[in-house]
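Visitor: This is what each chain is made of:
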Amino acid sequence: MTSLTVEKPPSAETEAPTRGKNSWARRLTPFGYLSPTVVLIVVLMVVPIIMVISYSFRDNVIVQDNSVFAGFANYATVLKDPDFLAALKNTFIFITVSMVAHLLLGLGFAMMLNSPLLSGVTKAIFRVVYVLPWLFTIAVIAVIWRLLLDPSGVINYLLTTLNIVSDGVNWLGDPGSALWVVTFVNIWSGYPFFMISLLAGLQGIPGELYEAASVDGANPWQKFWNVTIPQLRPVIISMAVLDLIWTSQQFALIWMMTGGGPLNSTEMLSTFTYKLAFSEYEFSTASASAVIVLLLTMVLAFFYVRQQRER
Amino acid sequence: MTAPTTTLRSRRTLAKTGVIIGLILGGLFAGLPVLWMLSTSLKPNGEVFANPPKLISDNFSFDAYTQILGNGAQLRFFLNSYIVAIAVTVLTLLVAVLASYAFSRFTFPLSKTINAMIVSVQAVPPITLVIPYFGLVVGLGLYNTYPGLILTHMVFTLPYAIIMMTAYFNTLPKELDESVKVDGGNSWTALWRILVPISVPGLIAVGVYTFMISWNEYLFALTLTRTDDMRTVPIGIQLLMGQHSYEWNQMMAMSILGSIPVLVLFLIFQRRFIGGLTSGAVKA
Amino acid sequence: MAIRKASRTRLIGALTAATVALALGACGGGGSDEASDGTVTLEFAQWWAPELPAGSFDKIINEFQTANPTIKVKLLSGPYASTKQQLVTGAASKTLPDVVGLDGAWVNDFAKQGAITDLSKLMTDASYDQSQLASQIQLEGKTYMIPVVNFVYPLFVNQDLLTKAGVSKVPSTRTEFLDAAKKISASGGNVKGWALPLDTAVPNGIQNDVMSWLWASGGTMLADGKPALTTPQVKSVVDYVKSLNDAGVIADGSLTMKEQDKVEKFTTGQVGMVFDSLAHINLVKKNAPDLKFTIAPVPAEDGYTGKRGIPYASWGIGVANSSEHKAEAFKLVQFLMDQKTNGELATLANGFPGNKNAKPDFSNSDPLFEEAFKIYQEGTPANEFVGLPKSEDLMRSFDENLQLVLTGKSSVDDALSKSQDSWSSVIG
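If you're matching them up, the sequences are chains D, S and W in order. In case it helps, the numbering used here puts the first sequence at residues 1 to 311. In case it helps, the numbering used here puts the second sequence at residues 1001 to 1284. In case it helps, the numbering used here puts the third sequence at residues 2001 to 2428.
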């Protein structure tokens, strides 16, 4: 699931020298296989991206018929906006904390689900329970959590009844806690796929490696660090990067839970851009902001591709 | 003589208890919000914010479910979701298999560039593309059509599907498809006669993943459709959130109903799903 | 060799399949909306149908189709929260439906974008009698939106909670309101006096729950079309809201509370008083049949005797600039504004008609509704956000500054002068 270019099957090249005559056709064959993908991605992805880039260098796009060239002015506006910088910081916290938590929870749950101590039925039941958060569309996740986290909602009710807190906590309404709460909800909704991938990774680790470690007298902790983690490393790295990319695109969850508030404390790059476009009608500036977001996520993608090549 | 075995056994019991407690705690974390969804779907709207909250209402009823299931317009959302998600899954698998085959079995110029491009596409935040994308879809005449929605979802499901399938193909020995060629077959026959049949676990993993993404996609499903006969379940759920108030129980009932196909899919395929990921994940 | 060729053919086949998928859709999408028999199909995008009793809006539209056999209407209903985004997106690609439901707060933006057309011209072309319209939303002397149904936002009061708190009279001044809110909040059981939804995703709370204090006392936030937020009137409102907050009478979670939450809090008896749309009388009754509540005008400044402004919101209607059937589209507008239909629609929606001569039918509705109609007729509808450019953004920037005041991070004066600056950059 992770590698694109590594470990080409050894005989990949043998075809070429034997059938030189048809080299023209042969060279085109892989492009033929790729063509549906490339056509789809170029038409439906590259074209709109180029349009957004061109908007970002103009003024008055969309809202007026005649737009004018503006150079980098829109970029300057965005980069100077303190709200943008705050959104950048929030997004950074949001995606890194989410990713680390997805990894830790995913790994923890996957290891429990892979435990040899439990029967297959138990594991199957819990596997289903653990993927539940994955089954719902994001709008419902936002709504159900708003309901649970309401100042007089279930969570506060439980906490006060159990005397953990004396007064209900103002989860989403407090600028100090809102970002963490939104991150928590994102952690809840996003860990299952990470978990499943790690579970798959765990099941692929050859048992002999553990047996060998036991023979060497390793305790469970040492086995974890010396066998499990190194074996899972490729999955962990690629899932981590993909998770950062996926989480950075999260818009609906934040928009529906807090709208970026209170006091911009949950403002993300995605909500910031959305407000610029659909509330302030500054489509040019919004496009500039979008391009900056695009460049930032491209850095992640670049890192991902490079990491794939190194392996 | 018995001492070491007892300690070993009690240690195992201790470890097992630990794991079970951990599993239950994790299960509560994962499952409680869903349980509350279920509970909300079974109570009258007036009791949703009741304080103190009640898990099972005195006025417990399945009304919300009968309302959804008895309403043709709502059922149409489900039908649309099935059409779109199944088409997306089948087409994604087809297109991804072809592309992954190229990446796994051929060396060609630009391979890495195209590869990087496909991965980077995932990095594009969809919300930033809505306006030009919409214009494009209208221009292509795909606005408010199934193909428009299907092709759009494919753009988002393809990259990861290709990544997974390429990794899966890479785990299969090259000698397999070579043998076909020795027998006079070509790369096309090798792909469909040999590789695809033995890649079923991988295909299932990719298929389940793709189906889930498409089934729950919201932003484009909303933007690219305008009539109710083209809209999918996530939009139907949002239509129950009014300007001033929510139809809580119907909304939750529809979410629960909407999660069932995905759950069933996971239940049927979970072993193969995980197995399919395994081969790709570890041996790659 | 032959096999190679075959494989290439199949590859091309796969390629064509992908292209065909694209092309097929291309053919499917481009249908004409004018059939051979001269029937015109109008698309009407709105969020009203889901808000009305099931099927009732279709019935009204059917009546229109019966009366105009050459016009067919296709209702496009969307969720309210995303209606605006859909319209902006549609307008950008000139694919706006022929007739669109509008909120007064959007009109300026859509008119400037060239998305909606000048209705004055259509009215003249159709020799329409404009005097029957209660109001028209204009920009530079041209009408762009006609309010079809108006919803007023009176004060909803939970009488049980009021009695329990020992307050005998429904508050009608700010002092009485603060006093009542304090007593309700002190009556125990986690109940608060008032709810203030300030969520910034849809910052309507500024209009419905904050500025309503201003308008009720005859105040204004604009002077000659320019922002005037640093006036004593506006300051007194923000000071007052702050005093409510300091007194701890506002329900928790205010900074991310949504309109829908506010209604729920009132319905479940967790909040004693809210400003809310009249349309909610039925909803509250349905969800809480035992709740005893009444409605009253929004409290005014102590000693104020003038006419009270009543905040309102509208279901407005406009016609797309890109529509090829503007005359037919206006027929639909005309039909919805017709004395009889408009009265029916207003009754269904629990609002007040946009046609002056139309009377809502009180016979089957709640007595409170008639009461509200009295309040409505005694006061003047007030909503200064209607017709302003980027109104949602104006509300949001005011909202953010108000949040700073309520969290003690800014003084009232600073917040107002900052809001004044940010508003000035938009409508200065």
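Everything labelled a hint here was simulated from the structure, so no lab data went into it. Just to be clear, a hint being listed does not mean it is correct.
As the list claims (entries may be wrong) - EDC-like cross-link-like pairs, simulated, lysine to aspartate or glutamate; straight-line CA separation at most 16 Å:
(1) W:Lys2409 to D:Glu280
(2) W:Lys2074 to S:Asp1229
(3) W:Lys2285 to S:Glu1178
(4) W:Lys2142 to W:Asp2160
(5) W:Lys2374 to W:Asp2361
(6) W:Lys2286 to S:Glu1047
(7) W:Lys2286 to W:Asp2302
(8) W:Lys2286 to S:Asp1229
(9) W:Lys2112 to D:Asp174
(10) W:Lys2074 to W:Glu2063
(11) W:Lys2418 to D:Asp174
(12) W:Lys2074 to S:Asp1228
(13) W:Lys2285 to S:Asp1228
(14) W:Lys2409 to W:Asp2160
Visitor: Look at each hint and say if it fits the structure.
Guide: Hint check results:
no.: 1; hint: W:Lys2409 to D:Glu280; in the structure: violated (25 Å)
no.: 2; hint: W:Lys2074 to S:Asp1229; in the structure: holds (12 Å)
no.: 3; hint: W:Lys2285 to S:Glu1178; in the structure: violated (75 Å)
no.: 4; hint: W:Lys2142 to W:Asp2160; in the structure: violated (48 Å)
no.: 5; hint: W:Lys2374 to W:Asp2361; in the structure: holds (14 Å)
no.: 6; hint: W:Lys2286 to S:Glu1047; in the structure: holds (11 Å)
no.: 7; hint: W:Lys2286 to W:Asp2302; in the structure: violated (35 Å)
no.: 8; hint: W:Lys2286 to S:Asp1229; in the structure: violated (30 Å)
no.: 9; hint: W:Lys2112 to D:Asp174; in the structure: violated (38 Å)
no.: 10; hint: W:Lys2074 to W:Glu2063; in the structure: holds (13 Å)
no.: 11; hint: W:Lys2418 to D:Asp174; in the structure: violated (22 Å)
no.: 12; hint: W:Lys2074 to S:Asp1228; in the structure: holds (11 Å)
no.: 13; hint: W:Lys2285 to S:Asp1228; in the structure: violated (30 Å)
no.: 14; hint: W:Lys2409 to W:Asp2160; in the structure: violated (36 Å)
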